[in-house]
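Number of protein chains: 2
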Amino acid sequence: MTLHEYMAMQQKTVDAALNRWVPPESTNPETIHRAMRYSLFAGGKRIRPLLVISAADAVSDAPVGVESAACALEMIHTYSLIHDDLPALDNDDLRRGRPTCHKVFGEAMAILAGDSLLTLAFEVLAKLEGVSADRRIELVRELAVASGTVGGMIGGQVNDIEGEGKHPTAELLESIHRAKTGALLRASVRMGAIYAGADAAQLAALTKFGEHIGLAFQIVDDILDVEESSEALGKTAGKDAAQHKITFPAVYGIEQSRKMAEDERVAAHLALNIFDDRATRLRELADLVVKRKS
Amino acid sequence: MTLHEYMAMQQKTVDAALNRWVPPESTNPETIHRAMRYSLFAGGKRIRPLLVISAADAVSDAPVGVESAACALEMIHTYSLIHDDLPALDNDDLRRGRPTCHKVFGEAMAILAGDSLLTLAFEVLAKLEGVSADRRIELVRELAVASGTVGGMIGGQVNDIEGEGKHPTAELLESIHRAKTGALLRASVRMGAIYAGADAAQLAALTKFGEHIGLAFQIVDDILDVEESSEALGKTAGKDAAQHKITFPAVYGIEQSRKMAEDERVAAHLALNIFDDRATRLRELADLVVKRKS
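Those protein sequences? They're chains Z and H, same order as listed. Under my numbering, residues 1 to 294 are what the first sequence spells out, in order. Under my numbering, residues 1 to 294 are what the second sequence spells out, in order.
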């Protein structure tokens, strides 16, 4: 199976699981379930769920039900996009090529849809079947910390907002991105590993892998924002410069940024050295993250 | 110890626990931790934590660390107030007698502070010490469901928003309030019971108790909104009528609403019949909920 076919298959599995976990649109209150589903099923690439599943596969053979744990990551990611797009934050009208949640459902419903997805992520983890309570609570802890304020996603977002217009230093840049995007990507890999019962050495290796592709992902994101059109990205391009955001191209220039992304890709591969062919998909995903065009 | 003294003591215990769980203001990013603390330490009555602790006490003798589980409830409650007060929702400038979170920290930070408290609530439950993983995961599930869209807090909020200006029927009224305020109060009592290891009969009795005081609480809230001043309430009074909200006074009139609150109080007492003196504080809290003036 090619990576492309593998991804298409896993995306279907994840979408089916999301469809089972999110209440149907016909469930009261209908509006909130419509809003949640609108943003969840907007054609996202499901990178985080793919990392969860591929990391679990690297540890043990296709553990049953791991796609449900993967759903929790996608719910957190989607809630963060909905809230990030709000007028009070990034004020974005376009996401994944479609009007943002608040443009369609209004601001009140978008705020609540984000809250709902955030809450549902933890409900899903608590209700995972065939996984011990010990592992489920470890997953809850991992996701909560990675999404939180101290070194987690929200912390990165706040630093990012407060960094606008500040002098872009290398330290500030790295601390923002390790938290803002990196924490959740790292958690994706770790949660897959925890789900599959990784031992300490496996978890440490996969954690390193997650950190390297997390950084690679953000560097490439920053480059794409400069180089690609809004149409290609499915979201407003060139926003970083317009908002005076601290980005890798702003600090290092495009060429150096490209080299840094490649270094992270290589380091990600190295981290997987203790794994055999089981980690092939993870290696391919690391390549994809660096070579993607949107 | 009088109820008043008991409450003051427990509020201190809860505030100390909150202070341990929420990162200090000096932790990066400082702004978000200031915003979280501003709203958490705004002089709330800590009704939900008190219910958690008192329900746990009814089941077993003062279980160690229950105040940490209680913190999770207060974090969810506070996040819901912060988001509810936003311009896109209730657009309120005053809460607990002080400017609302977004008036002080701006809308972006208020949205993120709410998200952070919601996330931290689950981190706290995952990290509870001296409680089995089985019980911790049960607490996570309970809190997530009670805060969610299907019969939970967000579901009630959405119905409440969408109900504005609609013909106020008894069914609509009850379904809104069972979810909007009731679900979290019910969960408070149940989480205390689960924490303390309640058996099935105890949990069933305490669940009934939680449902009755939940309804009583909301009826009294609606009455106070009509009868008291903004100064006495510490929040804008008379808003329900101004926004054409579906309330108990609007459907039943003030006198009948008062009688209904009293009926719920009596039913709450009855539900506690299987408990001896251990449940005294719960009985007193039921009385307090109905007799309060703010």
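It is worth saying that the hints were derived from the structure and are not from the lab. Misleading hints may appear alongside valid ones.
Which copy is meant is left open, so a pair is good if it fits within one copy or across any two.
Said to hold, decoys possible - In silico SDA-like links for lysine to any residue, alpha-carbon gap of 25 Å or less: (1) Lys103 to Asp92; (2) Lys259 to Arg283; (3) Lys208 to Leu94; (4) Lys127 to Arg141; (5) Lys103 to Gly165; (6) Lys259 to Leu288; (7) Lys259 to Gly43; (8) Lys291 to Gly234; (9) Lys127 to Lys208; (10) Lys127 to Glu138; (11) Lys208 to Asn28; (12) Lys239 to Glu107; (13) Lys103 to Glu171; (14) Lys103 to Asn91; (15) Lys293 to Glu255; (16) Lys45 to Arg258; (17) Lys127 to Gly197; (18) Lys166 to Gly106; (19) Lys12 to Lys103; (20) Lys127 to Leu203; (21) Lys127 to Ala201; (22) Lys127 to Arg178; (23) Lys166 to Thr31; (24) Lys239 to Met9; (25) Lys127 to Asp199.
These are the hints, each one checked on the structure:
no., hint, in the structure
1, Lys103 to Asp92, "both (9 Å within a copy, 23 Å between copies)"
2, Lys259 to Arg283, "within (18 Å within a copy, 68 Å between copies)"
3, Lys208 to Leu94, "neither (33 Å within a copy, 47 Å between copies)"
4, Lys127 to Arg141, "both (15 Å within a copy, 7 Å between copies)"
5, Lys103 to Gly165, "between (27 Å within a copy, 23 Å between copies)"
6, Lys259 to Leu288, "within (15 Å within a copy, 66 Å between copies)"
7, Lys259 to Gly43, "neither (30 Å within a copy, 53 Å between copies)"
8, Lys291 to Gly234, "within (17 Å within a copy, 56 Å between copies)"
9, Lys127 to Lys208, "between (29 Å within a copy, 24 Å between copies)"
10, Lys127 to Glu138, "both (13 Å within a copy, 9 Å between copies)"
11, Lys208 to Asn28, "between (43 Å within a copy, 24 Å between copies)"
12, Lys239 to Glu107, "both (21 Å within a copy, 20 Å between copies)"
13, Lys103 to Glu171, "neither (36 Å within a copy, 32 Å between copies)"
14, Lys103 to Asn91, "both (10 Å within a copy, 19 Å between copies)"
15, Lys293 to Glu255, "within (16 Å within a copy, 66 Å between copies)"
16, Lys45 to Arg258, "within (22 Å within a copy, 54 Å between copies)"
17, Lys127 to Gly197, "both (18 Å within a copy, 20 Å between copies)"
18, Lys166 to Gly106, "between (32 Å within a copy, 19 Å between copies)"
19, Lys12 to Lys103, "neither (27 Å within a copy, 44 Å between copies)"
20, Lys127 to Leu203, "both (23 Å within a copy, 20 Å between copies)"
21, Lys127 to Ala201, "between (28 Å within a copy, 23 Å between copies)"
22, Lys127 to Arg178, "between (30 Å within a copy, 23 Å between copies)"
23, Lys166 to Thr31, "between (40 Å within a copy, 16 Å between copies)"
24, Lys239 to Met9, "neither (33 Å within a copy, 52 Å between copies)"
25, Lys127 to Asp199, "both (24 Å within a copy, 21 Å between copies)"
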